[in-house]
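Engineer: Spelled out, the chains give:
There are 2 protein chains.
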Amino acid sequence: MAIKTLKSNYVYQGKILALRIDEVEFPAGMIGKREVVEHPGAVGIIALTEDNEVVLVKQFRQATGDNMWEIPAGKLEPGEDPQGCAIRELKEETGFTARHWQKLTSFYTSPGFANEILHLYFARGLKAGEQNLDPGEYINTSLLPLPQALSWVRRGQICDAKTIIGLLWLNAGGWGE
Amino acid sequence: MAIKTLKSNYVYQGKILALRIDEVEFPAGMIGKREVVEHPGAVGIIALTEDNEVVLVKQFRQATGDNMWEIPAGKLEPGEDPQGCAIRELKEETGFTARHWQKLTSFYTSPGFANEILHLYFARGLKAGEQNLDPGEYINTSLLPLPQALSWVRRGQICDAKTIIGLLWLNAGGWGE
Numbered sequence: 001m002a003i004k005t006l007k008s009n010y011v012y013q014g015k016i017l018a019l020r021i022d023e024v025e026f027p028a029g030m031i032g033k034r035e036v037v038e039h040p041g042a043v044g045i046i047a048l049t050e051d052n053e054v055v056l057v058k059q060f061r062q063a064t065g066d067n068m069w070e071i072p073a074g075k076l077e078p079g080e081d082p083q084g085c086a087i088r089e090l091k092e093e094t095g096f097t098a099r100h101w102q103k104l105t106s107f108y109t110s111p112g113f114a115n116e117i118l119h120l121y122f123a124r125g126l127k128a129g130e131q132n133l134d135p136g137e138y139i140n141t142s143l144l145p146l147p148q149a150l151s152w153v154r155r156g157q158i159c160d161a162k163t164i165i166g167l168l169w170l171n172a173g174g175w176g177e
Numbered sequence: 001m002a003i004k005t006l007k008s009n010y011v012y013q014g015k016i017l018a019l020r021i022d023e024v025e026f027p028a029g030m031i032g033k034r035e036v037v038e039h040p041g042a043v044g045i046i047a048l049t050e051d052n053e054v055v056l057v058k059q060f061r062q063a064t065g066d067n068m069w070e071i072p073a074g075k076l077e078p079g080e081d082p083q084g085c086a087i088r089e090l091k092e093e094t095g096f097t098a099r100h101w102q103k104l105t106s107f108y109t110s111p112g113f114a115n116e117i118l119h120l121y122f123a124r125g126l127k128a129g130e131q132n133l134d135p136g137e138y139i140n141t142s143l144l145p146l147p148q149a150l151s152w153v154r155r156g157q158i159c160d161a162k163t164i165i166g167l168l169w170l171n172a173g174g175w176g177e
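Heads up: the sequence lines are chains A and B, in that order. My numbering puts the first residue of the first sequence at 1, with every later residue one more than the last. My numbering puts the first residue of the second sequence at 1, with every later residue one more than the last.
You can trust all of the hints, since none of them are fake.
For identical chains, the list gives no copy identity; a pair is met inside one copy or between any two copies.
In the DSS-like style, the derived pairs of lysine-lysine whose C-alpha atoms are separated by at most 30 Å in a straight line are:
1) K75 to K127
2) K4 to K15
3) K103 to K127
4) K58 to K33
5) K75 to K15
6) K58 to K7
7) K33 to K15
8) K4 to K58
No lab work stands behind these hints: they were computed from the structure.
Make a model of the complete structure from these sequences and hints.
Structural biologist: Next comes the structure, spelled out in structure tokens:
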């Protein structure tokens, strides 16, 4: 099913996001408008200790106006390899390094209006170290037993898409093996 | 951890999205900028037939530039009750009505830059009917056995966050009972 883009107009090009308004032509010839947020893409890391604890971070999110529990995550730098980004973000946000890395999947967070793609990694063989936060990052790291994290998902206390996917993916078991 | 919003500046207010740039003050007194996409919120419906088939829709997404498999979903109208929206969207996009509705959870799709919250429902007791698409909507509906849908998640052929969450939530079993 082909939708033809007639023209694109950037109304904003910022530090992280760009906002583009596309004029599109549908198969029947009708003309419409689509608002598209461009995003560089991101990584998320579900990191598990030998004691079956998940590494979670808590931080204030300006967009939601609240402190949220999430897996460690971060945006891709221009040209950055996703796994390299995952290794960097896990270390920067939590201090942890990991001996074993495994790609789980990649998904669009909200394809109705944004092109953000999130690459999800599974990290094991963890070793604790020092955080190295960017200016303006304030992140608390916690270790939570996997069954408890899953109960937080079930009860809605964890309400971030990438974190829910990471935890349910581990819960599905074996998939990543 | 308190971040103080000093001022908000709207650079775009459109049909679906608004884009706001906030100037914020961090605890240490440093000043920063946050780009926030405002979205009215949405619903997604994981609908299961008596034969354990999942209702999926395929449509072209301008943001991703591709046709994607997703669960039925849609944006909240101003003041609309999420469950009412879920009933409406399932009917409009797929023609199906459902006897049994159950709220699974609500989550932020991308809290790093957007306030979009997605309310996820589980629908059973399905009855087929006629689609009633909005102008500019071109949606194909398919029924896919749940195990096959889960294998599409595992292999990355389903790559939409809400759809992955809905399918893994059913896979976790019992949670919704």
